[in-house]
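Hey, can you work out the whole structure from these sequences and the hints?
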Amino acid sequence: MTEQEIFDKVVAILKPYVKNKDALAQVSHETNILDELKVNSARLVDVVLAFEDEFNIEIADEDADAVDTVGDAVRLIKEKLG
Amino acid sequence: MKRRVVVTGMGVISPNGTSLENFESALRRGESGIRYIPVLEELNFGCTVGGVPQGVDELAAFNFDEEELLAMNMNHRYGSLAALQAWKDAGFERPERADDRVYWEAGAIIGSGIGGIHTIAEKLVPTVKSGRVRRLGSTLVEQIMGSGVSARVSGLLALGNKVSSNSAACSTGNEAIADGYLRIKCGLAERMLCGGSESSSYYIWAGFDAMKVLARKYNDTPERASRPMSASAAGFVPSSGAAILHLENLENAQKRGVRIYAEVLGAALNCGGHRNGGSMTAPNPVSVQRCIKAALSDAGIGPEAIDVINGHLTATFADPSEIASWAAALERMPGKLPFVISTKSMVGHALGAAGAIESVATVLMLHRGFVHPSINCEDVHPEIEPYANSIPHETKDLPELRTAIKAGFGFGDVNACLVFRKWES
Numbered sequence: 001m002t003e004q005e006i007f008d009k010v011v012a013i014l015k016p017y018v019k020n021k022d023a024l025a026q027v028s029h030e031t032n033i034l035d036e037l038k039v040n041s042a043r044l045v046d047v048v049l050a051f052e053d054e055f056n057i058e059i060a061d062e063d064a065d066a067v068d069t070v071g072d073a074v075r076l077i078k079e080k081l082g
Numbered sequence: 001m002k003r004r005v006v007v008t009g010m011g012v013i014s015p016n017g018t019s020l021e022n023f024e025s026a027l028r029r030g031e032s033g034i035r036y037i038p039v040l041e042e043l044n045f046g047c048t049v050g051g052v053p054q055g056v057d058e059l060a061a062f063n064f065d066e067e068e069l070l071a072m073n074m075n076h077r078y079g080s081l082a083a084l085q086a087w088k089d090a091g092f093e094r095p096e097r098a099d100d101r102v103y104w105e106a107g108a109i110i111g112s113g114i115g116g117i118h119t120i121a122e123k124l125v126p127t128v129k130s131g132r133v134r135r136l137g138s139t140l141v142e143q144i145m146g147s148g149v150s151a152r153v154s155g156l157l158a159l160g161n162k163v164s165s166n167s168a169a170c171s172t173g174n175e176a177i178a179d180g181y182l183r184i185k186c187g188l189a190e191r192m193l194c195g196g197s198e199s200s201s202y203y204i205w206a207g208f209d210a211m212k213v214l215a216r217k218y219n220d221t222p223e224r225a226s227r228p229m230s231a232s233a234a235g236f237v238p239s240s241g242a243a244i245l246h247l248e249n250l251e252n253a254q255k256r257g258v259r260i261y262a263e264v265l266g267a268a269l270n271c272g273g274h275r276n277g278g279s280m281t282a283p284n285p286v287s288v289q290r291c292i293k294a295a296l297s298d299a300g301i302g303p304e305a306i307d308v309i310n311g312h313l314t315a316t317f318a319d320p321s322e323i324a325s326w327a328a329a330l331e332r333m334p335g336k337l338p339f340v341i342s343t344k345s346m347v348g349h350a351l352g353a354a355g356a357i358e359s360v361a362t363v364l365m366l367h368r369g370f371v372h373p374s375i376n377c378e379d380v381h382p383e384i385e386p387y388a389n390s391i392p393h394e395t396k397d398l399p400e401l402r403t404a405i406k407a408g409f410g411f412g413d414v415n416a417c418l419v420f421r422k423w424e425s
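Order-wise, the sequence lines are chains W and Y. Start counting the first sequence at 1; every next residue gets the next number (the working numbering). Start counting the second sequence at 1; every next residue gets the next number (the working numbering).
Simulated from the structure, these hints should not be mistaken for laboratory data. Bear in mind the structure is a predicted one, so any value in this text is a computation, not a measurement. Note that beta-carbon positions come from the ideal geometry of N, C-alpha and C, so glycine has one too. Be aware that one or more of the hints could be misleading.
A few chain W residues that face chain Y, going by a derived Cβ cut-off under 8 Å, partial list only [claimed, not checked]:
1) Ala42
2) Arg43
3) Val45
4) Asp46
What follows is the structure, encoded as structure tokens:
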């Protein structure tokens, strides 16, 4: 799976939770998930579960805690996929 | 001066209509919303018919965003759709998410009988039992907590007054309306969204099937299955849905210049204490009559003022004693009882939502001047026969209809009674 494909899937998973639709329209690897996309922090556990289901991986809590930006998520998933 | 409470908006999600217009026209036509439910047969239920509102997922997709939908089970969908309808019907816009205004003067009491049990059974139990607690995600608690539906509605509509959920079995919807009325009357709120919701779930219905209180003889003729007051009644038909009344301080409503459907003239709540023939599952007739009389007294009217009774009347063995209690409490001889109807004859028994759905039917009848038929009781029960002339089998147009009484009697021997009066400015 290419990095672009992972990026697109990550953005699609985040989409329902995004409160700032303008930020979503200009989303990049540097976009911060909580501060810019305004995702409710309580819903991050659902986003992580959706990553696990979509990519068939397991994400430990400490790895999930280190994700701030869309690019962080893409890098973590790419790493798990080997 | 005592504050008066009026109904200025209503919403309904019922098996025979998911808007006020559709619901009213189904009531007028005597149209049953009871259908064959295949999964009940697959699961070996004795009763394989039930009431399930149609097209709800489409309505939900139209009204709620993706994130909201991910956290809304069927109980949330029914309750939230009905609340949204009532809010708009009362003349309010749905607030924007980004708008920080809170309606401090408006609250909600929206109850359920058994509520989010489907989510508990299908998600919580199997996930936890298999050691995968972290796979529950963040949306489980809000879907199974007792106050889930009122909490959801408060966020959709930015409510800032009392927001909670009551539970009083089959009396839940009536009780919510009574409690909201009292809150406004006491000056603690200007507006309250009140009612009940109950999911369509075989887990909710299973216990009643096991008790053998559901209708089993009409699985091939679903529309004939719910037969309150009939000699061939065979138990109640399980149902589901939601309804919400937007109650408002009269002065506030007049200041806003909005349409007023009816006044909540009085209300009463009590319990029979499981004595004098009452039990966990049967009402104490003394408490039923006390509750009816207390509602009349709160309304400041005599029993002669009642034009129509929308009873609890579920189609179980309790119907004849309920009719006897109405006659005793209203001091009417056989042949002199006002019109008596059961909305359940068309929608089944929606448990925690029943009182609210039936209250919407009652207020619609007062506002529009008609009495809907009580269907499926052409063969009136022999003990009810002396009152048979009070049961309408087809719609009666009655512009002079003024005062209606609605009651709900629930497991736990709890009672709730409401008196509504047509609004005449």
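Verification of the supplied hints:
1. Ala42: OK, holds: Ala42(W) within 8 Å of chain Y, min 5 Å.
2. Arg43: At 6 Å from the nearest chain Y Cβ, Arg43(W) passes the 8 Å test, so the hint holds.
3. Val45: 5 Å, holds
4. Asp46: For Asp46(W), the interface hint holds, since the closest Cβ of chain Y sits about 5 Å away, which is under 8 Å.
In summary, this structure violates none of the numbered hints.
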